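Engineer: Fit chain B to the supplied structure of chain A, relying on the hints for placement.
If you're matching them up, the sequences are chains A and B in order. Numbering that gives the first Met the number 0 numbers the first residue of the first sequence as 0 and each following residue consecutively. Numbering that gives the first Met the number 0 numbers the first residue of the second sequence as 0 and each following residue consecutively.
Any given hint might turn out to be false.
Using C-beta positions, here's what the derived DEER-type ranges look like [claimed, not checked]:
| hint | chain 1 | residue 1 | chain 2 | residue 2 | range |
| --- | --- | --- | --- | --- | --- |
| 1 | B | 48 | A | 47 | 37 to 45 Å |
| 2 | B | 5 | A | 87 | 41 to 49 Å |
| 3 | A | 1 | B | 95 | 45 to 53 Å |
| 4 | A | 140 | B | 46 | 41 to 49 Å |
| 5 | A | 181 | B | 16 | 34 to 42 Å |
I should point out that these hints are in silico values taken from the structure, not numbers from a laboratory. On a predicted model such as this, the values are computed, not experimentally measured, just so you know. For glycine and all other residues, C-beta sits at the position ideal for the given N, C-alpha and C.
There are 2 protein chains.
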Amino acid sequence: MELLKKRILQDGTCFPGGILKVDSFINHQMDPILMKSIAVEFVRKFASTNVNKIMTIEASGIAPAIMTGYLLGLPVVFGKKKSPKTMKNALCTKVHSFTKDRDYDVVISSDYLTPQDNVLFVDDFLAYGNAAMGVIDLIKQGGANLVGMGFIIEKEFQHGRQRLEAEGVRVESLAIIEDLSDCRIKIKD
Amino acid sequence: MELLKKRILQDGTCFPGGILKVDSFINHQMDPILMKSIAVEFVRKFASTNVNKIMTIEASGIAPAIMTGYLLGLPVVFGKKKSPKTMKNALCTKVHSFTKDRDYDVVISSDYLTPQDNVLFVDDFLAYGNAAMGVIDLIKQGGANLVGMGFIIEKEFQHGRQRLEAEGVRVESLAIIEDLSDCRIKIKD
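Next comes chain A alone, as it looks inside the complex (with noise of 0.2 Å):
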């Protein structure tokens, strides 16, 4: 996706340790528009498949996932990073962030994951794919069926698609970062 390629050269900016900052239009100021062309990849990606739910995880995967239901008229539902004791008939799965260097719960009623669903699940960032794979967990504990999974930006040198691919889990990346060294941002072509 060109425009989001060269969005990311223009306002992102890298940091030590492979962090890819891109707070200004993706994930805390956010540009709707952009967002909105983002949804129409996503949507043209898993056209053939027979997607009917949208899933993301709070906060930053919402904004490309209610564009994309809205797109495609689908429900979009987002897993919450907090205790499962607050929700009741909630699905839960420990999640490492690696960024924080802690484990976090995301949760998700049962109510909206289920076997009736075939789950495009959408986020900002792939990076060691835990997030995602913790999201597989939910799916299967749902008996819910994966469709795929659509990212903003994948970090290739961070090595998430292989975990996910093994999982037999198609991976549909807008824009691959294959290298952050030296603070220079490289962009798959």
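Structural biologist: Showing chain B alone in chain A's frame:
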């Protein structure tokens, strides 16, 4: 907003203690078509203002905010519920949650809340107004201008509106709940 009121009566459930659960279509699973209609109402209500930025708080404010930003072609920024330590140049305010009976920090980068910003704040619920009062504090800290606050659902009996109006803030809610006692939902005409 008739469509919203009907939906609340149809799919909302209420629990002792003034709790209204709308998590099948607003704040856990979301109906993006309804969200877009909600955004249209916010656009109409605040059409006469000089708004140039939409603000919300994660997580359930993001969907109506991104839709409103999309319709107006304006950037959307969301306050994060986390430690200000993890963000450079952070503006921070403390908010008390009655539901969870604890304080939490809401932080926003000062890069995205500046004297150039005429902010429309959008959120899912107005209850006691604690989160909204925190937003007013953040907007003051950033030197920004608040043009108004729009809520999907206002719980009138928790009197948040009075606190906001006492600060000179224009408040618009799309559905006003008068009463939830005896677990019956009474919506203002």
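Engineer: Hints numbered earlier in the text: which of these fail when held up against the supplied structure?
Structural biologist: 2, 5
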